[in-house]
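Colleague: Sequence:
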Amino acid sequence: MTSPLEGSAKNFSRTQHPEHALRYRIADEYLEVVKGLWDSWEQDAFVRDKASGRFFDPQKLHTLNHHGDFFQVAGPLNIGRTPQGRPIIFQAGARTTVKNWRRAMPTPSLPTITPWPTRRRFTAT
3 MTSPLEGSAK
13 NFSRTQHPEH
23 ALRYRIADEY
33 LEVVKGLWDS
43 WEQDAFVRDK
53 ASGRFFDPQK
63 LHTLNHHGDF
73 FQVAGPLNIG
83 RTPQGRPIIF
93 QAGARTTVKN
103 WRRAMPTPSL
113 PTITPWPTRR
123 RFTAT
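Under our numbering, the residue at position 46 of the sequence shown is numbered 48, and the numbers go up by one with no gaps.
Simulated from the structure, these hints should not be mistaken for lab results. The model shown is predicted, which means the values in this text are computed figures rather than measured ones. One should not assume that every hint holds.
[Unchecked claim] DSS-like, lysine-lysine: derived pairs with alpha carbons at most 30 Å apart:
| id | residue 1 | residue 2 |
| --- | --- | --- |
| 1 | 52 | 62 |
| 2 | 52 | 12 |
| 3 | 12 | 37 |
[To be verified] Listed next, with one range per pair, are the computed distances between beta-carbon atoms:
| id | residue 1 | residue 2 | range |
| --- | --- | --- | --- |
| 4 | 18 | 91 | 22 to 28 Å |
| 5 | 91 | 9 | 19 to 25 Å |
| 6 | 50 | 11 | 40 to 46 Å |
| 7 | 15 | 52 | 42 to 48 Å |
Positions of the beta carbon are idealized from the N, C-alpha and C atoms, including for glycine.
Construct the complete structure from the given sequences, taking the supplied hints into account.
Modeller: Right under this line is the structure:
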């Protein structure tokens, strides 16, 4: 969604590509939604106890109920939590907004900046 390419709008069933600041607002909310969905299930929610017939602990299932400016998502995610909890999020770019995402995310992102001295300065901030 943050791509500057006009053709990207078609990937999101839009006729026009949103302006720059709006694209990042949409992306911020999108990340909030997917992180909420990834956290639908606690790590030990699936007990899979054949003897008792208990498959999961309903106390460890959390619905999202997200109502934002761009997305309305009830949740929960329809698959269990992965062993690592959340996938790694990668974001290419050097804008201040991307730096703010990197600070806010517990997972790493990868700026695609060259040359190496520039990359070192970016990742140090």
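Colleague: Hint by hint, say whether it matches the structure.
Modeller: Structure-based check of each hint:
no., hint, verdict
1, 52 - 62, "holds (19 Å)"
2, 52 - 12, "violated (47 Å)"
3, 12 - 37, "holds (25 Å)"
4, 18 - 91: 22 to 28 Å, "holds (27 Å)"
5, 91 - 9: 19 to 25 Å, "holds (24 Å)"
6, 50 - 11: 40 to 46 Å, "holds (44 Å)"
7, 15 - 52: 42 to 48 Å, "holds (44 Å)"
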